[in-house]
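Now for the letters of each chain:
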Amino acid sequence: MTIDTTDTEPKLLPGDLAIWFFIFMELLVFGIFFIIYAVIRIQNIELFNEYQLTLNRELGAANTLLLITSSYFVVRAVQAIKENHVTQCIYWIYAALASGTGFLILKSIEYADKFSAGINLSTNTFYMFYLSLTMFHFLHVILGMIILLAVAFKAKAGAYNSQNYTGVESGASYWHMVDLVWIILFPLVYIIR
Amino acid sequence: MKKVYNIHTIWLLMIVLTLSTYALGKLGYSGVIPVLFLLLTALVKGGLIIRDFMELKDVSLLWRVIMYGWLWIVCIAIAVTYIISI
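Protein chains in written order, with our numbering: chain P, 1 to 193; chain E, 194 to 279.
Don't read these hints as lab results, they were simulated from the structure. These numbers were taken from a predicted model, which means no experiment stands behind them. Idealized CB from N, CA, C, for every residue including glycine. A hint or two may mislead.
[What the hints assert, rightly or not] Here are the simulated SDA-like pairs of lysine to any residue, each with C-alpha atoms no more than 25 Å apart in a straight line:
(1) Lys219/E - Glu46/P
(2) Lys219/E - Glu50/P
(3) Lys107/P - Gln43/P
(4) Lys219/E - Thr69/P
[Stated by the list, open to error] Reference listing, derived: stretches of chain E covered by chain P, where coverage requires no fewer than 3 residues with Cβ under 8 Å from a Cβ of chain P:
(5) 204–212
(6) 217–224
(7) 227–234
(8) 238–250
(9) 269–278
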């Protein structure tokens with residue numbers, strides 16, 4: 001009689017371990033950035049409350065919905081490849097990329113509005129944080145989309161199947177991290193006062 | 194229960210929570226209770242992403258401590274700074 005330990009053994013991290021160390025580093029940087037924002041706000045409460053009202057909450061909320069939905073599409077892509085549905089996996093990744101593109105477009109509209117009003121990093125402390133935090137995140141959305149695009153191309157070339165999908169999981173994990181960061185960033189910068 | 198709690202309903206729940214966050218901002222509420230509600234909402238959404246989207250619910254404790262620990266530390270730190278400034 002043998003004892004089956006497969007149910008009690010913890011699962012490995014999905015995807016490549018290297019992408020997880022990258023994710024942990026990114027989260028550490030964003031986490032420090034968020035806490036610095038909250039601490040600096042204590043000394044500038046009136047300024048932060050006043051200029052927070054100038055932000056476009058509708059676009060911020062729409063962007064949150066887009067990122068959550070794109071994460072959902074990526075989950076569907078991982079499910080599809082686990083079932084060996086390569087074409088479906090690619091289509092779900094394309095859907096996630098479309099949502100990501102929507103995020104970039106809405107964010108660009110927001111930036112265009114602010115820049116045309118003469119707002120920049122040196123306007124005041126609140127805008128310095130708003131622009132640097134959201135632009136830093138914006139760059140991560142672009143990087144996440146490049147990774148997802150590479151995963152889609154590799155999937156199209158036949159690199160993934162139900163036995164080998166580490167690359168899909170790695171790309172998915174990074175994309176979820178981008179979503180996770182925005183989940184904190186949106187209420188912190190746009191809503192909480 | 195398993196049938197109700199799935200990836201589709203998790204996505205819907207996160208959509209609803211996001212809309213509640215937006216509504217609270219639109220109504221202009223401020224103070225300890227709204228701050229705690231908004232951060233609790235972020236905690237729930239972040240927890241769902243870590244648990245179900247990233248699929249970390251069954252990985253070793255170390256990885257879960259790192260991910261949930263990050264989420265809780267950030268939210269608690271934000272809560273403390275906002276509450277002491279109210």
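Here is how each hint holds up against the structure:
Between Lys219/E and Glu46/P, the direct Cα distance comes to roughly 18 Å. Compliance with the 25 Å bound is thereby established for this hinted pair. A threshold of 25 Å between alpha carbons decides the hint, and for Lys219/E with Glu50/P the separation of about 15 Å falls inside it, so the pair holds. Under the criterion of a C-alpha separation no larger than 25 Å, the hint pairing Lys107/P with Gln43/P is inconsistent with the structure, at around 28 Å. Distance restraint check for Lys219/E and Thr69/P: the Cα-Cα separation of roughly 22 Å lies within the 25 Å cut-off, and the hinted pair is therefore satisfied.
Judged by the Cβ-Cβ criterion of 8 Å, the region 204–212 of chain E is covered by chain P as claimed, because 5 of its residues qualify and three suffice. Figure legend: the region 217–224 of chain E, annotated as covered by chain P; annotation consistent (4 residues with Cβ-Cβ distances under 8 Å, at least 3 required). A count of 5 residues in the region 227–234 of chain E with a Cβ less than 8 Å from any Cβ of chain P is obtained; the coverage claim is therefore met, three being the minimum. Under a criterion of three residues with beta carbons nearer than 8 Å to beta carbons of chain P, the stated coverage of the region 238–250 of chain E is upheld, 9 such residues being counted.
Only residues whose C-beta sits within less than 8 Å of a C-beta in chain P count toward coverage, and the region 269–278 of chain E has 6 of them, enough to reach three; the restraint holds.
The structure is inconsistent with hint 3 alone, although it conforms to all the rest.
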